[in-house]
Amino acid sequence: MHLGAVYQAARRLTRDDSNARDLTQDTMLRAYRAFDTFTPGTNAKAWLLKIVYSMFVNDYHRTRRAPATVTIEELETQSGIQLAGATEVGPDPFGATWSEPAIEAALAELPEPFRMAVLLVDVEELSYEEAARALNCEVGTIRSRLYRARRVLATRLADVAHAHGIDREKRRTR
Amino acid sequence: MKDSGHLGEQLVDFVDGRLDPANRALADEHLAVCGTCRDELRRIEAGRKAARLLRSERPVPDDLAASIGVLLDRQSGTPAEPPARIGAGRRWIGPAAAAAALLAIALVWLQPWRPSLVSSVQAQADRVDRSGLPDDAIRSDDIPTIERHLAERGGPPLSVRVIDLAMMGWRPEGGAIVRLAGRPAALYSYRNDASQRLFCQMFEGRLDELPATADVRTHRGFQFKVFRQADLTLVFWQEGPLVCVLAARLPPDAVVALAFEKAMRPS
Numbered sequence: 001m002h003l004g005a006v007y008q009a010a011r012r013l014t015r016d017d018s019n020a021r022d023l024t025q026d027t028m029l030r031a032y033r034a035f036d037t038f039t040p041g042t043n044a045k046a047w048l049l050k051i052v053y054s055m056f057v058n059d060y061h062r063t064r065r066a067p068a069t070v071t072i073e074e075l076e077t078q079s080g081i082q083l084a085g086a087t088e089v090g091p092d093p094f095g096a097t098w099s100e101p102a103i104e105a106a107l108a109e110l111p112e113p114f115r116m117a118v119l120l121v122d123v124e125e126l127s128y129e130e131a132a133r134a135l136n137c138e139v140g141t142i143r144s145r146l147y148r149a150r151r152v153l154a155t156r157l158a159d160v161a162h163a164h165g166i167d168r169e170k171r172r173t174r
Numbered sequence: 001m002k003d004s005g006h007l008g009e010q011l012v013d014f015v016d017g018r019l020d021p022a023n024r025a026l027a028d029e030h031l032a033v034c035g036t037c038r039d040e041l042r043r044i045e046a047g048r049k050a051a052r053l054l055r056s057e058r059p060v061p062d063d064l065a066a067s068i069g070v071l072l073d074r075q076s077g078t079p080a081e082p083p084a085r086i087g088a089g090r091r092w093i094g095p096a097a098a099a100a101a102l103l104a105i106a107l108v109w110l111q112p113w114r115p116s117l118v119s120s121v122q123a124q125a126d127r128v129d130r131s132g133l134p135d136d137a138i139r140s141d142d143i144p145t146i147e148r149h150l151a152e153r154g155g156p157p158l159s160v161r162v163i164d165l166a167m168m169g170w171r172p173e174g175g176a177i178v179r180l181a182g183r184p185a186a187l188y189s190y191r192n193d194a195s196q197r198l199f200c201q202m203f204e205g206r207l208d209e210l211p212a213t214a215d216v217r218t219h220r221g222f223q224f225k226v227f228r229q230a231d232l233t234l235v236f237w238q239e240g241p242l243v244c245v246l247a248a249r250l251p252p253d254a255v256v257a258l259a260f261e262k263a264m265r266p267s
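Heads up: the sequence lines are chains R and H, in that order.
Mapping to the numbering used here: the first sequence position 169 is 169, numbers consecutive.
Mapping to the numbering used here: the second sequence position 169 is 169, numbers consecutive.
For reference, chain R alone in the conformation it holds in the complex (with noise of 0.2 Å):
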């Protein structure tokens, strides 16, 4: 019944267990008594991932605190990225593996109508559209958001891997 989608998404937008917990909750009440809205052989799990998203923006953010994040111009500034695309980079910066503390870490990152995106089409496996109406924007944003927060979050996690010593090559930026 998704119920596991729905606290995952939760825990991920919220960051917090105590809200994620309030956050599914309230989701899944808001879901019984809207119940009339879903169209059967729809997609059940977008149409309650557009409610936990929904809900998470409109309610959660005004109440309360919402960790600070940087804008995505200064996160691409940061890893060196330049939005026309005209960045270089070594032979395979990207080949490292990365464990999954460090990508929710890169994931936190970003700010939220791109982490958005990316939670919505690349973990939970909705299709451009169904993420879209989730995020009651257009098809063509998402294509932008995802463009934007999937080379951050890629050059976030090579530069963590440099960090650490797994990637050796060096990475030129221009």
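Don't read these hints as lab results, they were simulated from the structure.
Warning: the hint list may mix true and false statements.
What the hints assert, rightly or not - DMTMM-like, lysine to aspartate or glutamate: derived pairs with alpha carbons at most 25 Å apart:
| no. | chain 1 | residue 1 | chain 2 | residue 2 |
| --- | --- | --- | --- | --- |
| 1 | H | Lys-49 | R | Glu-74 |
| 2 | H | Lys-49 | R | Asp-26 |
| 3 | H | Lys-49 | R | Glu-109 |
| 4 | H | Lys-49 | R | Asp-36 |
Values in this document were obtained by computation on a predicted structure and should not be read as measured data.
Given the coordinates of chain R, work out where chain H should sit on it, guided by the hints.
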């Protein structure tokens, strides 16, 4: 292509298999001569791959499931224990109450959620059509190789047979263990000369878990449940403890004919 002369955000569509053949060919041409875009592609693929490593599902704490059961129970008007609002002062729920709450969850939620199994099969088919087999899939047209991979990854319950459809013009292209509505499933796919794709998925379950459908057929003592989701035909049947499904963007009778031919009782 962007004004900068680089592919830019189009690379995301490229990686996710969302470009139409003409644009994909153009992107391939550009990538062949543009090192910057190739580097970008590697970066985007790496970011996607990293995020996808987080896909494993964690169990829901029992007390959370139970407290949600109680909340929903109250919503449905059934007298129940007071809700255990976990975030605001945790309350212990005894085993009997927890069991009742879980039963309430099952009664309230499982019934309306049944279609998700069909939707899940459809979603997996859509995903493979869009992005190809998952990263951890085996890519091979050799049936024993695919069967070994599925058995290694899925364990004994998913040591499934890969149906040989060579006589019907379908060549296997690989397989993987995926999740269908929260349960593990063996998925493998085929291609034919017309580049059409056919999917087979097998998972532990019962045919009566599926929603009702007007299109139920019987053949050689098997019952086949047929669903149409957009242009996708899905044909389900039972083989021992496994539910099997063939799915393709073909007319129902074409997929049903394949299922009729290949349904097999476990030895």
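For each hint, the structure was consulted:
no., hint, result
1, Lys-49/H / Glu-74/R, "23 Å, holds"
2, Lys-49/H / Asp-26/R, "32 Å, violated"
3, Lys-49/H / Glu-109/R, "17 Å, holds"
4, Lys-49/H / Asp-36/R, "36 Å, violated"
Hint compliance for this structure: hints 2 and 4 are not met, and every other hint is.
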